[in-house]
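Turn these sequences into a full structure, and let the hints guide you.
Chains as they are written, first to last, in our numbering: chain A, 23 to 250; chain B, 56 to 365.
If you're looking for bench data, these hints aren't it; they were derived computationally from the structure.
On a predicted model such as this, the values are computed, not experimentally measured, just so you know.
Backbone N, C-alpha and C fix where the C-beta goes; we use that ideal spot for every residue, glycine too.
Fair warning: there could be bad hints in the mix.
Said to hold, decoys possible - Simulated restraints, written as ranges between beta carbons of each label pair:
1) B:A289 with A:V219: 44 to 54 angstroms
2) B:Q204 with A:S44: 29 to 39 angstroms
3) B:D252 with A:R36: 37 to 47 angstroms
4) A:E126 with B:S313: 31 to 41 angstroms
5) B:G293 with A:R205: 30 to 40 angstroms
Said to hold, decoys possible - If we take Cβ atoms under 8 angstroms as the criterion, some of the chain A residues that face chain B in the derived model are:
6) A143
7) D148
8) A152
9) H156
10) S159
11) T192
12) T193
13) A194
14) S198
15) H216
16) V219
17) V229
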Amino acid sequence: MLELRGITAGYDRRAPVVRDVSLTLAAGESVGLLGPSGCGKSTLARVAALLHRPDAGTVVVDGTEARGWRHRAPRAQRTAFGVVFQQPRLSADPRLRLRDLIAEPLRATGAPDGIGELATAVGLSDDLLARRPHQVSDGQLQRACLARALALRPRWLVCDEMTAMLDASTTAALVSVVEDYRRENGAGLLAVGHDPVLLGRWCDRVVRWTDLAPGSGPTGGGQAGRGM
Amino acid sequence: MTPLLDVRGLTVRFRMPGGREVAAVTDVSFELREGECLALIGESGCGKSVLASALLGLLPGNAVASGRALLGGGLDLTAADERVLARTVRGRRVGLVPQSPSAHLTPVRTVRSHLRETLRELTGRRGGEEAAAARASFPADHLDRYPHQLSGGLAQRAATALALVGDAPLLLADEPTTGLDRELVERTADELRRHVDAGHALLMITHDLAAAERIADRVAVMYAGRIVELADAARFFGSPGPRHPYARGLLDALPERSFTPIPGMPPELDALPPGCAFAARCPSATDACAAVPAFDGTVACHHAPEASRA
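What follows is the structure, encoded as structure tokens:
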């Protein structure tokens, strides 16, 4: 179970983007978090994935309260999460070939190398695996970023606007990779987005930001996006 | 009536090191009239943006273009020299609404300063920034803001206002809605449509099928550098639907439809297979697909169903 209790978070303590928000995901459950640009949903997703320290509130991952964030999180908690961001170009080291990009979490944790199955699952050929990010399309790079997120077999996946830059067919392909993985491994999912049709089709349940955080309206100054 | 833009057999090749050649655009033909919106759709990497660069004369040095793209029945955009393009075409006869507008604007200058320079260069007038901003519904009280102080939607309007200053009859929008949320996509699309209804011709390059459906009169589907289907938007998105199997697959991948991806990935543009480039992913491929299907003006497929006369 993934529990977010009374989370307040942001980039300026005087003006938090997220105020006192709680959300609970059951083990293996997929939840879509729906809201407009700049509402704070990406910040909440980063808190859930232990990538951003909240100003207040607690995160409980499968019964253990999170005490550290980012590199200070204990490895067992950190590696329980696989994260995919909106913009693959900004999430990929331009120097790494896709093969090494996908294997980076394995290398970093000393896990045995082996990305063959992952590459097959996301549909990347040997030819593409040998290329660097500037030599592939956004869709191909996002496939590699998803494979990287699955490399350590996480119990939780956080997909923050994973498909916002992609065409319809690539979107459907990546969602089916995530769902195949979840079916086999029983992993839970927090999918953040602004497309109600997509999230409704993808997730067990969809939570609207306005219901989750009635007090905090769009701020227009979020870290990940800007609203009107 | 002469179409405003008449593209005939446009082909763009990139010469790469080692004798490699990238077939970015192959034998593309279409027409665009005043007061009409044509949406050019396809997966990323299919050659859409190269086509836009060719129409603006902004291809890099290693590109070789052939065919023609006649603007207003006269000037060939693929053959015009840089002086002509810079002094009489860009901004004046072809306006660009860019992808990611906040990156397109100069970060250290206000919107007013952008508009002032554009007005001076394109019209010779001083002043008039408020009126120019109003044409794209950009609020006058935000004119003195810098790009980073604008939301995605307002940055989009600022970029559109700049594209409209020169009163160019042809507007070219390159992925104008990427990364915007649904409400903003609809607002941006509706604003572009308003300019079409005011007499501009709009070529909208996009992979956002919802935006295309919302405002396009016609749809051109591009796959591996070729246009494979050119259809009336209402018939394409409604009934009887697309005729090319790639276009059918693209619509079927939408979450409101069957949400199933087209198997495989598009071929690399430097290693296109002989014959139909879609055959390897196509459910109805046969031996006939070993030959490249000719584009008959509406579809390029050996197995397309007959156009029904509805």
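Hint by hint, work out which the structure violates, then give me just those numbers in ascending order.
1, 6, 7, 8, 9, 17
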